[in-house]
Structures are given as structure tokens and as C-alpha cells.
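Protein chains: 2
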Amino acid sequence: MSVVTDGASASGVGVARPRIEAPSKVTGHARYVADVPMPGLLHGRMVMSPFAHARIISIDRSEALAIPGVHAVLIWEDLPIKGGAGRAAEPLARDEVVFAGQPVALVLGETEAIAEDGVEGVLVDYEPLDEVVDLRAAIETSAPPARVGDSEDESDAEMHGAGGEGQSAVDEGALPVNVIDRKLFSGGEAERALAGSDAVVHGRFRVPWIHQGYLEPQVATAWPEPDGGLSLLSSTQAVFWVRQEISRLFELPLNSVRVRAGTFGGGFGAKLRLIEPLVASAALAAGRPVRVAFTRSEDFAAANPCPSLEFDLALGADADGRFTALTGRILIDCGAFPDSAPAALAGTRVGGPYHFDTWSIETVAVRTNRFGAGAYRGPTATQSTFAVESLVDELSAKLGVDPVTVRLRNAPETGAKRMDGIGWPPIGFRETLTAVAEHPLWAARADVAPGEGVGLALGMFPGAKQGAGAVCRMDADGGLTVVSGYVDMTGTDTTIATIAAEVFGISSEMVRVVAGDTSGAPQAGVSGGSMVTYCLGSAVAVAATDARQQVLKVAAQELEIDEADLEIVNAEVRPLGSPHKAISLAAIGAKVTGFGPYAPVEGHGSSVPPELAPSVAAALVRVRVDRDTGETQILEYVAAQDCGRAINPALVEGQMRGGAAQSVGIALYEDLAHDDAGQLVAGTFMSYALPREAECAAQNGLTWARGRTHPFRQPIGW
Amino acid sequence: MSVVTDGASASGVGVARPRIEAPSKVTGHARYVADVPMPGLLHGRMVMSPFAHARIISIDRSEALAIPGVHAVLIWEDLPIKGGAGRAAEPLARDEVVFAGQPVALVLGETEAIAEDGVEGVLVDYEPLDEVVDLRAAIETSAPPARVGDSEDESDAEMHGAGGEGQSAVDEGALPVNVIDRKLFSGGEAERALAGSDAVVHGRFRVPWIHQGYLEPQVATAWPEPDGGLSLLSSTQAVFWVRQEISRLFELPLNSVRVRAGTFGGGFGAKLRLIEPLVASAALAAGRPVRVAFTRSEDFAAANPCPSLEFDLALGADADGRFTALTGRILIDCGAFPDSAPAALAGTRVGGPYHFDTWSIETVAVRTNRFGAGAYRGPTATQSTFAVESLVDELSAKLGVDPVTVRLRNAPETGAKRMDGIGWPPIGFRETLTAVAEHPLWAARADVAPGEGVGLALGMFPGAKQGAGAVCRMDADGGLTVVSGYVDMTGTDTTIATIAAEVFGISSEMVRVVAGDTSGAPQAGVSGGSMVTYCLGSAVAVAATDARQQVLKVAAQELEIDEADLEIVNAEVRPLGSPHKAISLAAIGAKVTGFGPYAPVEGHGSSVPPELAPSVAAALVRVRVDRDTGETQILEYVAAQDCGRAINPALVEGQMRGGAAQSVGIALYEDLAHDDAGQLVAGTFMSYALPREAECAAQNGLTWARGRTHPFRQPIGW
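Taken in order, these protein sequences are the chains called C and R.
Residues 8 to 725 (the working numbering) make up the first sequence, in order.
Residues 8 to 725 (the working numbering) make up the second sequence, in order.
None of these hints come from the bench; they were simulated from the model.
Each hint should be verified, as a subset may be incorrect.
Label pairs and their calculated CB-CB ranges [said to hold, decoys possible]:
hint, chain 1, residue 1, chain 2, residue 2, range
1, R, Glu258, C, Thr639, 55 to 61 Å
2, C, Pro433, R, Glu258, 45 to 51 Å
3, R, Gly665, C, Glu70, 36 to 42 Å
4, C, Asp141, R, Ala597, 36 to 42 Å
5, R, Arg303, C, Asp569, 55 to 61 Å
6, R, Ala597, C, Val43, 50 to 56 Å
7, C, Ala597, R, Glu123, 39 to 45 Å
Where a beta carbon is used, it is the ideal one built from N, C-alpha and C, also for glycine.
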């Protein structure tokens with residue numbers, strides 16, 4: 008393994024450092040949501056549908072309610088939901104079950120065991136309906152409807168940067184019963200360009216449903232507050248989104264809903280908002296605190312995994328390998344609830360990091376009797392990469408042009424129009440591709456043993472952005488506290504502390520990061536979309552700059568020296584050239600928190616980056632395929648990532664390793680499969696083939712390239 | 008009763024409105040600190056000394072520890088205190104007991120009853136020492152020392168604006184054994200001026216120890232955090248002070264101590280920091296959450312009441328009643344712990360609202376075997392008023408000049424030097440005095456029935472100031488959330504909401520105030536010293552102004568209209584003259600919390616007022632005195648208060664009524680008396696004569712005068 012590091016600064020930027028919260032996690036001291044005690048807690052256990060599609064005839068709760076310690080058995084009618092739409096507004100099935108595992112009742116018990124006993128005592132009478140499970144079968148005109156009744160749908164597509172120019176609804180009369188939406192994304196005269204190409208390749212690619220594989224299953228606790236409000240402690244990546252959803256569902260004022268994130272046990276996009284409506288409904292209905300913690304099996308059966316996509320694509324090029332057109336259709340399996348399905352994203356992302364002059368892509372969002380779809384590490388980007396990169400390799404072979412050369416010839420020029428109509432920002436296309444192509448493995452690709460092969464691929468996530476606020480306060484001892492209403496994930500607390508330290512001019516040990524709840528912390532975006540360091544980090548840099556200026560102003564008054572002639576070194580403010588006249592930050596901290604004449608030092612930043620920060624990744628692998636069994640073994644894995652400046656190389660490396668492992672799973676092993684009746688056949692970690700350490704151990708090269716300037720260096724300019 | 012109101016604004020400034028939190032309190036839903044459940048909680052009950060002064064020979068814990076459910080019996084040696092000084096560093100007596108009721112051990116039990124049983128089982132062997140209880144006896148050279156061993160003392164005087172010019176330590180060799188400190192406060196040639204006066208009056212005035220009489224006894228809960236930090240939930244007026252003290256005592260980094268204030272059940276200065284060191288020590292020693300909740304009797308016996316002061320004063324004047332000099336001595340009973348005793352304050356406050364050309368006041372801080380002293384509604388101001396106003400009346404009689412005239416002749420000119428060397432700001436001296444003097448009761452004072460009398464008095468609290476930070480955020484629904492790390496008290500949440508609403512231009516119902524904990528909220532000062540509305544209110548006004556500007560900027564972009572041409576009316580931003588083109592605040596809230604292009608609206612204020620805001624109060628009463636029994640009945644009570652602009656007249660009136668009631672108690676009833684052996688003889692509400700409603704019902708006139716401009720109207724100018 009080789010890791011290339013940027014120049015490291017004294018503050019810690021560029022230095023690999025352990026995550027601040029790691030000790031509490033590895034020693035078992037960290038309290039996750041399910042660990043936090045709550046007096047008067049009721050435990051909720053779900054009665055889940057065994058049918059993928061059925062009508063609920065009746066629910067008999069009497070036997071369950073007779074069990075001592077069973078507080079209530081809630082069904083849809085009991086939930087105090089007043090507004091909202093989509094899956095959130097239907098945390099228990101109304102009268103129609105639309106996937107196997109869907110909760111139809113919630114038993115509240117004084118203990119989890121009692122509630123579980125209660126689940127056994129709830130008798131649900133179902134009338135099975137025809138289910139539709141296969142994506143392609145679902146769009147046949149003869150297909151049974153995956154949902155008979157009405158459903159109000161909505162989409163989260165905005166986070167992932169969907170939309171833009173060149174997008175139009177396809178209107179060819181009534182849509183097939185399970186087609187929720189069709190859209191055409193086009194630019195230029197793609198069909199004509201394809202017809203005039205020197206070479207054209209076609210292919211069909213399907214990626215199955217994938218579970219995000221987080222360690223901590225979905226869990227949340229909710230409790231009514233004495234003032235009529237509602238508080239939640241949840242394993243969520245998005246406290247403000249949860250607040251907004253809960254506010255809307257129960258028609259509560261936003262500021263009477265308080266959402267706090269627990270110590271986070273993994274999500275990868277799956278924990279934006281899923282379980283909270285059910286838990287909040289129950290707490291309001293019962294008037295007591297309620298927790299629902301999914302078991303592992305429930306999490307497999309009833310969460311929001313990454314949906315299946317099927318691509319039918321044609322890629323054309325001229326004799327030099329310059330792309331002429333990309334055309335085709337993408338089927339997106341939205342499952343039973345299209346709320347969070349990335350249907351609209353697929354149409355603009357399919358091109359990955361390449362520039363196309365013409366394209367014509369139809370997206371078809373399809374309803375099936377599977378769970379609702381969720382996000383997973385750059386929704387649709389990974390699947391698109393599989394499809395397009397396979398075609399690029401075929402095209403290269405057909406043209407007899409080196410596949411790296413073909414890729415380089417289609418790198419976008421900065422400013423040229425992307426498929427979504429936005430101009431291409433500078434991206435690390437060449438840097439990442441070159442990094443893997445210059446690896447000795449690529450040069451030696453022809454010399455591999457029989458049954459082995461070497462391949463490379465390039466992918467891109469276009470990035471996301473959301474406004475973020477942060478404050479940076481000086482404590483009475485001269486330390487800094489950074490606060491924002493975000494969720495610590497993937498070591499972001501550590502990164503945030505480093506950014507604040509760098510900008511302020513101290514060591515990151517003097518910075519504490521508080522990820523506050525929605526009641527009092529600055530508004531921040533979702534911890535997801537690859538945007539925490541980019542968006543929140545920028546706001547933190549602004550806040551730390553502000554705090555630094557305030558501190559220098561105080562020091563200037565105390566020392567009677569112009570601010571411009573002061574510097575912060577070794578936790579002191581020193582006059583340039585006269586370090587012995589320094590005043591310590593601790594002394595300033597005491598002054599600004601005392602009885603005047605200084606106001607508290609409160610640095611503030613609230614910003615939104617003007618553009619997205621796309622990230623390109625390249626992978627180079629050597630594999631051995633057993634021609635008899637099809638077993639594929641990864642022998643070498645080289646990854647290159649365009650990450651901007653690596654603020655904490657250890658965390659970048661961790662992300663790259665994690666991403667590589669997950670790509671191995673998606674490419675070779677994972678499939679959250681249902682049988683034809685819609686029954687999950689891979690619903691435990693025994694049957695669901697998450698790659699193990701052995702299957703990911705081949706990572707022998709990691710590198711990153713600087714494709715962008717450092718966002719936190721120009722904080723004021725945003 | 009008549010109340011004079013200022014002009015009311017649409018936002019609610021000047022409008023009497025109920026306290027936001029009142030419903031939760033009057034319906035019993037509010038959770039005070041002792042009500043908040045805490046899993047794994049240990050209850051602490053104190054073993055208290057029966058002697059006022061004694062040496063601890065031994066403590067036998069075996070019997071207590073044998074009781075099932077008694078977790079531990081802590082003595083001084085068990086406490087993990089590493090730093091600090093004064094009473095805080097000695098939450099259990101070391102080897103010497105210095106007041107009756109002092110905790111000498113803490114029993115931790117699984118229930119409060121078990122801990123109480125444990126207290127019975129702790130056998131302490133004391134060697135009684137001579138105690139000294141009387142203030143005057145304590146300064147005799149023959150007096151026994153109130154403390155034999157060493158004690159490190161410190162003072163809180165800064166909050167109350169002590170110090171300044173003309174103050175010098177008195178050094179006449181060794182001080183008497185119980186005199187902690189002597190200081191001389193002088194200006195001009197006071198003795199000569201007194202000798203040349205046309206009239207001189209002398210008097211000795213003693214005010215006894217007074218309990219602040221809060222409803223909720225002292226209580227705090229502390230628990231160790233998994234990361235090695237410590238959290239506290241406390242009934243405190245000063246979360247940041249508590250944090251600092253705990254950090255110092257246990258040598259914990261400031262930011263690993265988190266202090267949250269509970270719903271506050273009254274303090275009047277008594278809850279700055281008292282019980283927290285004991286509770287925190289126990290939690291750290293036990294490694295579990297610990298709560299100590301004083302019983303009423305314990306609170307009488309072992310808290311920090313308002314100390315006794317004795318004044319020996321001489322006041323001189325010329326024939327017109329113009330004061331020539333104030334001279335004399337003030338004894339301040341600091342009890343056993345002088346930490347929070349207002350000794351240094353008395354010297355500059357004794358002159359009240361009057362201007363003196365010459366003065367010479369000696370302050371003598373005395374140690375006795377009583378509890379430690381604490382603050383109470385403007386420390387030393389009330390007692391000084393009693394002394395000086397009595398002398399002023401005598402002087403008026405001696406000179407044959409109307410007492411109102413004499414007072415008016417000694418009103419300070421703005422800018423003239425006060426006794427503390429600071430220039431007099433504008434004060435409401437004439438306005439408040441005139442307000443009561445113009446009341447019909449004053450004109451009719453000669454016509455009262457036999458045994459009745461009419462008197463008036465004028466007092467002043469010089470004010471305090473402390474830097475404060477606040478943020479004002481726009482929520483996704485367009486509402487505002489104001490956050491600061493302060494403690495809601497006397498309706499300040501309501502006032503803060505009104506200030507934010509006024510400045511922003513919305514109704515106060517759209518504002519929610521969050522009093523945050525020390526981990527994430529902006530630094531704010533103590534809720535005390537008459538400075539919350541003045542200091543924090545100013546910061547909130549700055550923050551709301553900032554938020555407003557940010558909102559107008561967004562609206563200007565959305566509407567493509569210059570910011571200067573926009574106004575906020577009815578929860579909308581409207582172009583002046585084109586109200587139909589408005590954009591709602593809710594729409595703006597959604598935009599600034601979504602996916603750009605706008606940053607979140609985060610208004611910030613951090614400020615410290617440039618000068619103090621003294622407040623003058625005048626009282627006019629008619630009393631009937633039974634010449635045989637001495638029983639005094641208040642028949643009429645007229646109060647005038649200089650409060651600046653009354654932001655919420657209902658709260659100002661509440662403060663005036665409360666202050667009047669407490670003055671009745673101090674003047675006529677209350678005395679937290681000890682016998683000669685230092686045993687408390689008035690340690691319950693049966694024996695301690697807190698005035699009842701009947702004794703305070705005579706308030707028949709309340710008014711206020713505007714002595715200052717509105718602090719929150721010129722927020723930027725500070």
C-alpha cells in the first residue's frame with residue numbers, strides 16, 4: 008500500500024490523526040441510541056406482514072392486550088398523523104400491505120420481551136393480492152398493480168443534484184400501472200449522432216438491491232415533552248430533516264420538535280429519516296417515551312436499501328474513440344415507496360465523468376412489492392459506472408484504441424456543459440486515471456496468468472451542497488468550542504476540529520466539536536451527499552476566522568499593538584518580533600468571559616458553497632476467475648480518489664478502503680434478493696453476502712489526487 | 008393600584024404579557040431539577056454538624072455501610088478535589104467544623120430513604136471548640152477564632168461592581184483574629200467637612216441575616232460521562248460559573264464539563280454556585296449519577312443566605328440640606344466562608360443614589376460561626392438604604408427642611424464622580440422620588456390617625472454588566488429561535504422573545520427562546536445582578552438585527568428589489584408600496600434551510616454594554632405602630648421604579664411587587680437568627696417570619712419612570 012500525502016501543516020491539516028471519538032467506541036463506552044436509558048420507556052415491537060401484497064381484513068389485538076405489561080397495540084387508525092406524504096405518512100400499513108415485512112401494527116410493552124410476546128398475540132387476517140417483484144415484469148402491461156389503493160409520493164432527489172436542463176416528462180398517454188414516472192433526458196441529436204458513429208456498443212446491465220450494511224440497525228426513541236412538544240433521539244444522519252418531517256406529520260410547530268442524533272453506528276445514506284414517524288406516532292399516542300430498535304432481520308426486511316437499476320445503453324464513438332452519443336433507458340426499481348428513490352438522478356448521472364455532445368436517456372421509475380428505496384453512497388453513480396465503464400472497455404476493444412486513451416479523449420473541458428446543463432467544474436479526471444494507469448499493474452496487464460485479468464474503471468459523484476451554519480466560541484480557558492446542528496459521521500468531528508484549529512492557528516487538541524440538537528444549534532445540512540467537510544467545513548472556517556479576528560482585536564487592546572502586527576503561536580497572541588510581550592489565549596479567554604470590557608468571542612459562519620465539488624475515483628484491479636464456478640477473486644486493487652486537499656489522510660484512506668470494499672460487495676457478492684412471491688431470501692448476514700475482510704484484503708494501492716483548491720482556505724469568498 | 012405604561016409597540020414591547028413558561032409551572036408540568044429522572048441515580052443525604060465550631064475526631068461509617076442499598080459514605084478525604092479555594096473546595100468539612108449544619112459526610116443510597124437511614128448510622132466524634140456568633144463580639148480582641156485552621160478565601164465581588172478609586176487597604180498591624188479584611192473608602196477631607204457642617208446626625212443600624220426565601224431548595228444532579236467528562240443539571244443562576252468552578256476543582260478541561268440549568272424554582276442570588284461541588288465530587292467518587300436535594304430545613308441551615316451588616320454612620324449637611332460628608336464603619340458578617348460575601352461592595356454602595364463631595368467609610372469583613380454568606384437582590388444596597396435613609400430623615404427634621412427637598416438637593420449631576428470613581432450616568436432619581444412625592448398620600452402625611460406615620464425612602468442598585476452572546480436563527484417555517492447559555496429567571500425568556508420580535512419585526516409568538524447548556528450555547532453572564540435584560544437583551548437585539556438583515560438580503564434577491572425598499576410586516580417581506588409582491592417568512596425559511604443557493608440565516612450578537620445601568624427605586628408607606636407591642640402594620644405602600652423602558656410591564660410590576668414584599672420582610676419580620684451557641688433558631692418556615700400575602704397586600708400604587716434610553720434600540724452602538 009502506498010499513500011501519497013499533501014504537505015502537512017502545524018495545526019494538523021494534512022496529518023493522519025485518529026478520530027476523536029474512536030476511543031469511546033473501541034472501548035465500548037460509547038452510548039448508541041439503543042443504549043441510552045429512558046425512564047418510563049415503552050418498547051415497540053412490530054407486527055410485520057408475511058405477504059408482499061395483501062389487503063388487511065382485520066386485526067385482532069385482544070390476545071396481545073391481555074398480556075400483562077402490554078401497554079397498547081397500535082394500528083394505523085391509532086396514529087395521530089395529520090399531514091405529510093409518502094412512506095413517512097404510512098408508518099403502519101393502512102389497509103393494503105405492499106411489501107413483505109411491512110409493519111402493520113406496533114406492540115408497546117414495558118419490556119422488549121413483553122412487546123415481543125404481544126406481537127405473537129396479534130392476529131392479522133390478510134387477503135393476499137397478486138404481487139409484482141421483478142423490475143422488468145412490473146412494466147409489462149399485463150402486470151398486476153403493486154399497489155391497488157392510492158399513495159401520495161414525494162422525492163428526495165434535490166439533495167443529489169438532480170434536475171437541470173434537458174429534462175422532460177415523457178407523455179405517451181397513460182403510463183403502465185406500475186410505472187410511476189418516465190422522463191427523457193436529452194441533448195443534441197443523439198440518434199443521428201449514434202447512427203453516424205464509427206463504432207457502437209450496446210449492453211444491458213442490472214444491479215440488484217443492496218443493503219447498506221451498517222452495523223447499527225435503525226433505532227429511535229421519542230418522548231412527549233410537558234409543553235406539548237416532542238423530542239427524539241435517533242440514529243439519523245439528518246436531524247433537521249427529521250424535525251421537519253415530524254413537524255409536518257403531526258402539525259407541530261417546528262421549534263417544538265427537538266431532534267438529537269445519538270452516537271452514530273453507520274448509515275451510508277440509509278438513515279436520513281425512516282423509523283422516526285413510527286416512533287413519534289407511538290410516543291404521542293401513548294403519551295410516554297417509546298423506542299423502536301430494529302433487529303438485524305427487521306432491518307433487512309423493512310428498511311430502505313439501495314434499489315435495483317437496469318440499464319439498456321448504446322454508446323457510440325468516432326474512430327479515435329471520441330464519444331458521439333449515449334442513448335438508452337434506465338429502469339429504477341422504487342420498491343413499494345418511491346419517496347427516496349433516486350429515479351430522477353439516474354438520468355443526469357449516467358454519463359459519469361465523461362463529456363457527451365449528444366445523449367438521450369429515458370428513465371422509468373417502477374413500483375414493485377419490495378421495501379422502499381433509500382440512498383447509498385452516491386445514489387446511481389456506482390451502478391452507472393458499472394454500465395458505462397463496461398461499454399467503454401468494449402468500445403475500446405472494438406476500435407482497437409487503448410482504453411485509457413479512449414477515456415482521456417472524453418474528459419470534459421472545464422466550463423463545457425454537463426448532461427444536467429451545468430458547466431463542468433475542474434475535476435480530477437486525468438489525475439485519478441493517470442494515477443492508476445501509471446501503476447505497474449496496468450503496464451503488466453498483458454502478462455497475467457491464465458484465468459486472470461486486469462481492468463480499470465473511472466467513476467464520479469457530482470457532489471451535493473447545502474447551506475450550513477457553525478459557531479466557534481472561545482471558552483474561559485482559551486480553548487475553542489465549535490457547534491453545529493449536524494451529525495458526526497466518518498470522523499467529521501475530527502476534521503471539523505482540524506479545520507477550526509488550522510484557521511485559528513492552534514492545535515486541534517484545543518478544539519472541541521459539539522454536534523448540537525435542533526433546538527439550539529446552528530442549522531446544518533444532512534450528513535451525507537459527500538458534503539459535510541465541504542459545506543460545514545467551509546462554515547466552520549468562516550466561524551474560526553471570525554473568532555480569530557475577535558481575539559486579535561482583544562489582544563490588540565490589551566497589548567496596545569495594532570491587530571495587523573499580531574500572530575497566534577503556541578496558544579499565545581504575540582506581537583510580531585516581540586514574542587516575550589505575548590498574552591496567552593487562556594488569559595484572553597478569561598477576559599472575554601468575565602465582567603467586561605470585552606464581549607464574549609463568538610465566531611460565526613453561515614455559508615453555502617457556490618458550486619458542487621464533484622469527486623472522481625479510479626480503480627484498477629487484477630482478478631482471477633474460475634471458469635467452471637465463476638468464482639472471482641480480487642488479487643490486487645489500486646484506488647485513486649480526487650478528494651481535494653486531504654485534511655486528515657487517515658480518514659480519506661478509511662473512506663477509500665470502505666468504498667473499495669463496498670464496490671467489491673456490489674460487483675461480486677451482494678444481492679438483497681426476493682423470491683417470486685416477494686419473500687426476502689437473503690435477510691440475514693448468514694445469507695446476505697457482505698464481503699468479508701478476506702475478500703477486501705487485496706487493496707494494495709491507495710492514492711489521491713488534488714482536483715480542486717482547498718475549500719476552507721477562502722472562507723470569506725463564498 | 009395604578010400602573011403607568013409606556014407606549015406599546017405592535018411587536019409586544021410595552022405590552023403586559025404572561026410569561027411563556029407560566030402554564031407549565033402553574034399546571035405542575037414543569038420539571039424542576041429534583042423531578043428529572045436519572046437512571047442509576049444515587050441519592051445523597053448529608054450528615055451535618057450539630058456544633059457551630061468543633062474539631063472532627065473521627066467518623067465511623069461502618070454501621071451506615073452495613074445498610075443494604077447504602078452505596079458509600081463519603082468524607083472529605085474521599086472527594087477527588089484537586090484545586091479551587093474557599094467554600095467550593097470544602098464541600099464536606101475537612102477536620103474543623105465552622106458552622107452548625109455544615110456537611111461532614113455524604114451518604115449515597117439507592118433511594119433517598121436508604122440514604123437517610125445511612126445518615127443515622129454515621130457516628131461522628133466531635134471535640135467542641137469555642138464558637139463566635141455575634142458580629143460585634145467577633146471583632147473583640149478577646150474573641151475566640153471562628154476558624155482555627157487555614158482557609159483560602161476568595162470573593163465574587165466583581166459581579167456587583169465593587170472596587171474603583173478611593174479604596175485602600177487599612178494596615179494597622181495585625182488584624183483581630185476574626186477580621187478577614189479591612190478597607191477604607193474615602194474621597195475628599197471627610198472629617199473636616201463633617202466638623203464644618205451645620206448639622207450632623209449619627210446612627211447605628213443593623214440588618215440581620217436573611218434567607219432569600221426561594222421556593223425550590225438547592226438541588227443538583229451530576230453524572231460522569233463515558234468520555235471522562237462530567238455533566239451537571241443544577242438549579243443554578245450561573246451555568247458558566249458552575250462550569251468554571253467544577254473545571255477548577257477537579258482539574259477537568261472546561262469543555263469536558265457540561266452544565267445545564269433546570270427549570271428554575273427561585274434563587275434571588277442564592278443559586279450562583281453552592282451545592283455543585285459536593286454533588287460533582289460524589290458523582291466522580293462513585294462513578295455514578297448523584298443527586299443532592301436539600302430539604303427545606305437543610306436549606307435554612309446550610310445554604311448561603313444574605314449576611315448581616317451593621318452600620319455606624321455620621322451624615323453631615325449644610326443649612327440647606329446639602330450633604331457635606333458621610334463617614335463611619337460597616338461591619339459585614341461573612342459567616343464561616345467569606346467567598347461570596349459582599350464585603351467590598353458595601354464601601355462604595357453605602358451612599359445609595361446620593362452624591363457626596365467627601366466620604367470616609369471603613370468596611371470590616373468579619374468571620375463568624377454561621378453559614379457562608381451569599382447574594383440577595385442587590386447585595387448591601389437594601390441594608391445601606393435602611394441606614395442612610397433613616398439618617399436623611401433625621402437630618403431633615405434637625406434642619407427643618409422638607410425631606411423630599413433635602414433628597415432632591417443631593418441628587419447627582421450626570422458625569423459627577425461617584426464614590427467608586429466612576430462618573431454618574433443619568434439615573435431616575437428625580438423621576439422616582441417625584442412619583443411618590445406627588446402621590447396624595449405624601450401630601451396627606453400630616454393628617455394620619457394616631458399611631459400612624461408616613462415615610463418615604465430612595466434606594467439604588469448601581470447595576471452590573473457582563474458580556475453576553477446570543478444567536479437568532481430562522482427556522483424552516485420562518486420562525487425565529489434565539490439561543491443563549493443563560494438561565495431563564497423572572498420571565499426573561501418572555502422578555503428576550505419580545506426584544507427579538509421587536510427588532511426583527513414580527514410577533515413574539517414567532518420566537519422561541521432556548522436557554523442552552525454550556526456545551527453548545529453562546530456564553531452569557533449570570534442570571535443576576537439586574538443585568539439579564541440589559542446585557543443579554545442587547546446581544547439578542549444585535550442578533551435579531553443581524554438575522555433581519557440576512558432575511559432582507561435573501562428577499563431582495565428573490566424579489567429582485569433593493570433591500571432598502573423592503574419591510575417586514577405580518578410575517579412577510581414586502582416591497583414598500585407593493586405589498587402584493589410579498590414573500591412570506593415561511594417561504595424564506597424553507598429556502599435558507601434547503602439546498603441553496605442561500606446560507607442559513609444565523610443572526611449573531613456578542614456584546615457588553617459600555618456602562619452600568621443603575622436603577623433607583625422609591626417607596627412611600629403609611630404604617631400603624633402599636634406602641635405597646637411594637638407590631639407594625641403597613642397600610643399603604645406606593646413604589647416607583649426606574650426601569651428604563653418597560654419591555655413587559657407585567658414583569659416589571661411583578662418585580663416591583665416582589666421587591667416590595669421582600670423589603671417588608673427585611674424591615675419588619677425576617678431574621679435568620681442563631682442562639683449564642685450558633686444554633687439556628689429560625690430554621691423552618693414556621694419559625695422564620697417570611698411575610699405572608701396579608702402583610703404585603705397594602706401595595707396600592709406602582710409606577711415606573713424612564714431614567715434611561717432603551718438599551719436594545721441602539722444595539723450596534725455599544
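Outcome of the hint check:
1. About 58 Å separates the C-beta atoms of R/Glu258 and C/Thr639, a value consistent with the hinted range of 55 to 61 Å.
2. A beta carbon spacing of about 50 Å between C/Pro433 and R/Glu258 agrees with the range 45 to 51 Å that was offered as a hint.
3. Here the CB-CB span from R/Gly665 to C/Glu70 is close to 59 Å, at odds with the stated 36 to 42 Å.
4. Look at C/Asp141 against R/Ala597: about 39 Å separates their beta carbons, and that is inside 36 to 42 Å.
5. Range check, R/Arg303 to C/Asp569: about 59 Å between beta-carbon atoms, so the 55 to 61 Å window is met.
6. Hint check: R/Ala597 to C/Val43, Cβ distance near 32 Å, so the stated range 50 to 56 Å is violated.
7. Checked against the given bound of 39 to 45 Å, the beta carbons of C/Ala597 and R/Glu123, roughly 41 Å apart, stay inside it.
Checked against the numbered hints given earlier, the structure breaks hints 3 and 6 and satisfies all the rest.
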